Structure formats: C-alpha cells, structure tokens
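Asks: Sequence:
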Amino acid sequence: MIENIPEQDSDEELFEHHAFTADKGQQPLRIDKYLMNFIENATRNKIQAAAKSGNIYVNDVQVKSNYKVKPFDNIRVLFEHPPYENLLTPENIPLDIVYEDDDLLVVNKEAGMVVHPGHGNYSGTLINALIYHFDNLPNNSSNRPGLVHRIDKDTSGLLVIAKNEEAMTHLAKQFFDKTSEREYVAIVWGNVEEDEGTVEGNIGRHPKNRLQNTVFFGDDEDKGKPAVTHYKVIERLGYVTLISCKLETGRTHQIRVHMKHIGHTLFNDERYGGERILKGTTFTKYKQFVDNCFKVLPRQALHAKTLGFVHPKTKKFMSFDTEIPEDMQLCIDKWKHYVKHQEM
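1 is the number of the first residue of the sequence shown in UniProt numbering; add one for each residue after it.
All the pointers check out, no bait thrown in.
DSS-like mimics (lysine-lysine), calculated; alpha carbons at most 30 Å apart, straight line:
1) K178 to K223
2) K313 to K178
3) K33 to K64
4) K334 to K287
5) K287 to K340
6) K208 to K64
7) K287 to K153
8) K336 to K285
9) K334 to K153
Simulated from the structure, these hints should not be mistaken for laboratory data. The structure displayed is predicted, hence computed values, not measured ones.
Kindly generate the complete structure, drawing on both the sequences and the hints.
Replies: Listed below in structure tokens is the structure:
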C-alpha cells in the first residue's frame, strides 16, 4: 500500500499541484474518494491514474489509490510539470471595457468567464484575455497579471485591473484597507423580513467539502477570517427577494456563504444548494415555473453592479455602475409576473 519515494534525478523537479491536511476528525477513507471531495473537476479515474503513476504522497511517502486517509495526514499531489495555471497563454477574447486610462481599466465580466486559470480552467479566462490585449501587466502577490481582486466564474460584473506597479500597489491597499466600495445585486430564496441588516461571521474552508466555504463561530471562530456583509431589500417577490449587498471584506464566496448562513441561499447557486426549490408550493405548475427561471438564469443570481475606488494617480474617487445583465433581469421579470398573478 505504501512505498518509499524513489530517488529523483538531480535535474528532475516535482511540482506541487494540490496539498491538504486531513481534519482531526477524519474517518478512514480511501484517498481516491477523499481527493474527489477536495479537487474540483477531478474524476476517480484521474485520481487513480495519478496514484498509479506515483504522483500522490501522504506524509512524503507515495501511496496507492486504496490508501486510507487518517487524521492529520499531509496529502500532496505532485507532477513533473508546473500547474497549468502558471503557464499563461494570451488569447484573443473580447473584453467589455467600461473605462481605461494609462494606469488602470475597469472590466464588466460576463457570467461564465473564469477570472484566472485554475484546476480544470486553463484557458478562456479573464487573465488569458488581459495578457493578449495588454503588455507588461504587473503581477499581484499571487503572480496573476493585473488582477487586484476577483469575482466567481458565474458571477457577472465589475473588476478593476492595474496596468502598472504603482496602480497595483495603490489599488491593492484600498481593497486590503476596505476603503474600496463594492455593491452587488442578488436574488435569494425566501422573504428577507428585515428591510436591511448586517451579517458578520468568520468565513473559511468547509471542513468536509473544500469546494465550499462556511461560517465558523464560537470555539471554531478562529478557523475562518472575519467577514462583514451589509444587505438591503430592493424588492420582495414572493418566494424570493431581490437584495443589494455591500461588502466590507472580500472573502471567497462571501455573499453566497453569508446569505446561506442566515437562511437565504442565492437563487440557483448550485454549489450551495440554491438550485433546488427552497421556498414555495408543492404544485406542479410552480415547479415548472421555477425550472423555467433556472433555464433563463443558469447560474447563481449575483452581479457585481457598482465599484468605487480612489484613482492611484489623480487621487480622485471614481465610481462605476452597470445594468443588471439580461439573464438576471429576465428572471426578475418572471418573478414579478408570478407575484402579480398569484395569491401568495
């Protein structure tokens, strides 16, 4: 089951693609099954092939796919080539540029576009497009050209891109210091009773599903990072609510995690369970109506609508606003029509 790591040739280097530490409460589980829960887009066949090729290590020892993961195991997946996300290729992909000058540009990203290459998404990303259209973009702390912040693949909306080192430093500091302004619009399941409110809760990686984040509180609070989301109701639409969210912090999946935490999962957010009917009736017609809404909006109902920051050179505050994208607006219109013609 376990083999010693073979000696490597002096000119052969292994690159780490994934690394995990098993939780203290981890029950014995085959490593191929374990890794399927932790690596996005991975199949069991691919994981078993990696193990057969000697690419999976536990506590610096090669293991086969039937190795049982134990608490605190240090698991690493190594290959002889660098991770594909580090091998950036320019691609001629059109960009919706809202604003541009010598220091920065503001892009309205469409839903479905990944911001930066990662596992399973090595091309067609915003960064692939940026390095095609712009030369010598500065790297951020994660070596991602031009990127000051990010939004999820299936979230649409505004991003600011730095075109030089000075702009990168200045803009990144604003996001770190929480002085930038960001407002999102979202459709969430359920009737949000309070007209406005604030969700505070430390966000970190879900202990059993690394593709999700979750809120940690009480004795587990230190497992997450502080996160604050302010929300306000725009319109109540029966079994869903249209809200705006302003972020004080920028944690991964923050709005998606915080709204689920207070019982209002984002509409059609598959990763967090919003692709099921969470509120409403049991009537077949209602189910058909919701399915039609899902088809119109085949992603989580979230749009980064406004973005504000101080320009790194002029020191003037700049604010940008976008229209709600067509797929999300069509979904909103369907709910408005439903509420108008139904006794809720």
